[in-house]
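Chemist: Just so you know, the protein sequences line up as chains A, B and C, in that order. Residue numbers in the first sequence follow my numbering, run continuously in steps of one, and reach 254 at the last position. Residue numbers in the second sequence follow my numbering, run continuously in steps of one, and reach 617 at the last position. Residue numbers in the third sequence follow my numbering, run continuously in steps of one, and reach 381 at the last position.
Read the hints as simulated data drawn from the structure, not as lab findings. Possibly wrong hints are sitting among the right ones.
Within a straight-line C-alpha distance of at most 25 Å, the following computed PhoX-like cross-link-like pairs (lysine-lysine) qualify [claimed, not checked]:
no.	chain 1	residue 1	chain 2	residue 2
1	B	528	B	492
2	A	246	B	542
3	B	385	B	434
4	A	215	C	217
5	B	528	B	614
6	B	614	B	542
7	B	411	B	385
8	C	189	A	246
9	B	542	B	528
10	B	492	B	614
11	A	37	C	186
12	B	542	B	458
13	B	411	B	393
14	A	246	C	217
15	B	434	B	393
16	A	215	C	212
17	A	37	A	215
18	B	448	B	434
Have a look at the derived ranges for each label pair, beta carbon to beta carbon [to be verified]:
no.	chain 1	residue 1	chain 2	residue 2	range
19	C	110	A	234	33 to 43 Å
20	A	231	C	93	45 to 55 Å
21	A	-4	C	304	45 to 55 Å
22	C	230	A	31	39 to 49 Å
23	B	289	C	371	29 to 39 Å
24	B	416	A	171	15 to 25 Å
25	C	110	B	293	34 to 44 Å
26	C	191	B	513	53 to 63 Å
None of these values were measured; they are calculated from a predicted model. Even for Gly, the Cβ is constructed at its ideal location relative to N, Cα and C.
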Amino acid sequence: MKNKNLGLAITMWAVVTFLHIPFFVVMLYAFTTDSSTFTFPPPGLTFKWFGVAWSRADMWAALSLSTRVAAISTLVALVLGTLAAAAVYQSHFFGREAVSFLLVLPIALPGIVTGIALRAAMGEAGMTFNFWTIVIGHATFCVVVVYNNVLARFRRSNPSLVEASMDLGADGWQTFRYVVFPNISSALVAGGMLAFALSFDEVIVTTFTAGQQATLPIWIFSQLTKPRDRPVTNVVAFFVVIVTTLPILWALFQNRKFEEQTQND
Amino acid sequence: MSSPPFLALLISMNPAISFEQVSRHFGTVKAVDEASFQVSDGAFFTMLGPSGSGKTTCLRMIAGFDLPTSGTIRVSGQEVTNLPPYGRDVNTVFQDYALFPHMTVAQNVEYGLMIRKVPKTERQKRVQEMLDLVHLPDVGSRKPNQLSGGQRQRIALARALINRPKILLLDEPLGALDLKLRQQMQIELKAIQQEVGITFVFVTHDQEEAMALSDQIAVFNQGKIEQIGSPHDLYEHPQTAFVANFVGTSNLISDDIAHKLTGERSTFSVRPEKMHILHEQTPIPANHYRLQGVVEDVVYLGIFTRFAVRTSEGLRLQVIDQNREAQDERRGDVVQIIWAKEALNKLAD
Amino acid sequence: MIRRFSTYLYNHPGVLLALLLGPPLGWMLVIYLGSLAALLFQSFYYLDGFTGQVVREFSFLTYRDLFSAAHMTIVLKTVVMALSVTIGSVLIAFPLAYYSVRYAGKRLKVLLYFAVLLPLWSSYIIRVYAWKLMLAKEGIVSWFFAQLGLSGVLEWLLSMPIVGGASLSVSNFGLFLVFTYIWLPYMILPIQASLERIPHSLLDASGDLGARPLQTFRRIVLPLALPGVVAGSIFTFSLTLGDYIIPSIIGDSTPFIGMAVYSYQGTAGNLPLAAAFTVLPMVMMVFYLLGARKAGAFDAL
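Turn these sequences into a full structure, and let the hints guide you.
Modeler: What follows is the structure in structure tokens.
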């Protein structure tokens, strides 16, 4: 029995290592002096590529576009996702499952389907592909992230809280402001962060809904075909890992904390 | 007391709560079926019944969490049938307390006053008064999850009472507490009710709790009210077979046996402790009914002994006898069961 | 004013529901389902070979083109890859999920929770790029094999037909590895969730009734974990079907469905054919989802 567990434990740690090694490798390569191949171990370490990457205007443009797109998409997703979660939680209407199904469809169907479908429809509708077409695409698949987070929070919250608040004299709006919102706020932040991460990172749908603009992932993708720019790509990859990891960990931590709180009750 | 008759008339015109033909249907299920009753001002009123009997739905309709399908509900004479919870002068202590987890205890208690925009200084004063009332003066700055079950219970009570409602609703508030704490809270609850003088409407499925606390009890069964009365009334004069066996236990006597004993073909109930067991040959006292039977089971419980006796007519009776010296009835013994004529209670149906 | 509105909504829950549900449902129905419908329409248009213009008339010409042998090879290759990735993910995900549910202490469990979710939410393109670095001929994987003295094994693997290639990063095996890596968290989480729901007493009961641990695993754990596996496979299968970034960075650059779609709608200007190409995975996934729903996989999501 003990032996078998050991085997399982080793497998488990091997999988965990497998999941995380790429992050360390990417971060290490930002410092390599090797500018044309992927030699491991790196022949030497240097900081010089950071300066080179910093002065790239196209990189900054892509970063700025991605940030703006993610911010607006997250905002739309927060509103739509919260409304949908509230509707599904508080009423028992026919077809609640269908709503969940519809919301999860954009991430359950292959990304290429969502991408080309949006492109086909936008083309049909005569829209020009610009900032807003990217946002529409991103918001569509971000809604489910907020929805899942908020709905899970609603389901873990005590349903009598709303009744208690109304009982004590608060109307619907006051109940939302003083009781519902504070209870779901960390789920909103967590859901919002994950939606932001999802949008910030998306390539497949974006390639279909973007016109000439390049979001950061698209920029990185295009960089991969330019061997001379490899060191710059490495540095950007380094920063993306650093900058995205912290908010994601924070959002995950928030969800975790709430789960533990409700378990102790 | 010698209150002038016109005053008595005024009081009776405006009971704290009145239900007129109130029904609540969920689809085809009649959770509450044409309930009508009145609760007098300042009473400790209990709605007693098994789960699913409609008592909680009634409470929720008084609070405004559920709206009736038909009928009228009044609070102090004013119609509230379709008002939202925040439009009613009624507050609730929830079964799971429903304390707001993100607020401190003081903020929880203060909530109703904050919504009503009562000035800060007065709010603080009243919060402290309430915490004193429930004997928890020092927990204001804590969070609800730092309190024990009994403490949460008291804070829930303070939070509801601070608004000085006309009526306080309590939805099985003691259900989650262990037996000892429960008994202690019963005493405190009664004391607090007498101190604040508000009408309490209490929901429970525990008949002993209902008896211990209430001035009036309404017994619910399958969406209907079986009987309303004081604990004494309900115990001594149950009107239905359900009440006879939900509030304490009863032996039911009907048809031929009833006819043989009383000359009536009605259903009667007798409390087991009012029956006595006598040896086969012992003469019976005057004004007593008598049946003969065989002891089927004897359970010795210290303060008393519980017998199951099969009468010669085939009816199984439960008899509880105070323990006395020389009690020697055993399984298989042929015995007489006797009870005083006034212990036989005629049921309405 | 607000209070009156609140009261109105309290007495008219249907209106409240409409207000809550209207915007999200409207968005999804108009924008998303509308788009899927437009896609379906497009697939029945066809490209005029002479003019290079899309003819907006209903026809099956595009579908006839789609079912040509060359295109079917692409579909077959993609589906085989998606299936392999799904199976590979299950095999790798199960031990981790099982360990974290059955044996991990509280702190290790939290650690594993972060360890699985962090890669899931981290940058996809960066993670793919990391593998490009790692799988290169001069990269860390080759170096690792060399350190262990196992370069021969790697060479043998690369010399195999179909799965092999000049280096891992241009081989189908490398492609499989990266796909599996990228979608693995999507498989771990639902399996973990379904394992969590198996009460310990059930395993004890099985042991108590005389089952050996392996029998308990096969007869009790596996059947009860199946909804989780199916739920995870929705993602691994679907995401592999619809990806075109990974196969254009890793592998021998023979086209997958995603790449075909991308090039047909882009440079070739044949949007109808691209649409028809995506209808295939869409139909596959709809059937898959319906089946998964029957298997109770949606509860495990």
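Chemist: Just pull the numbers of the violated hints for me, sorted ascending.
Modeler: 1, 2, 11, 12, 14, 18, 21, 22 and 23
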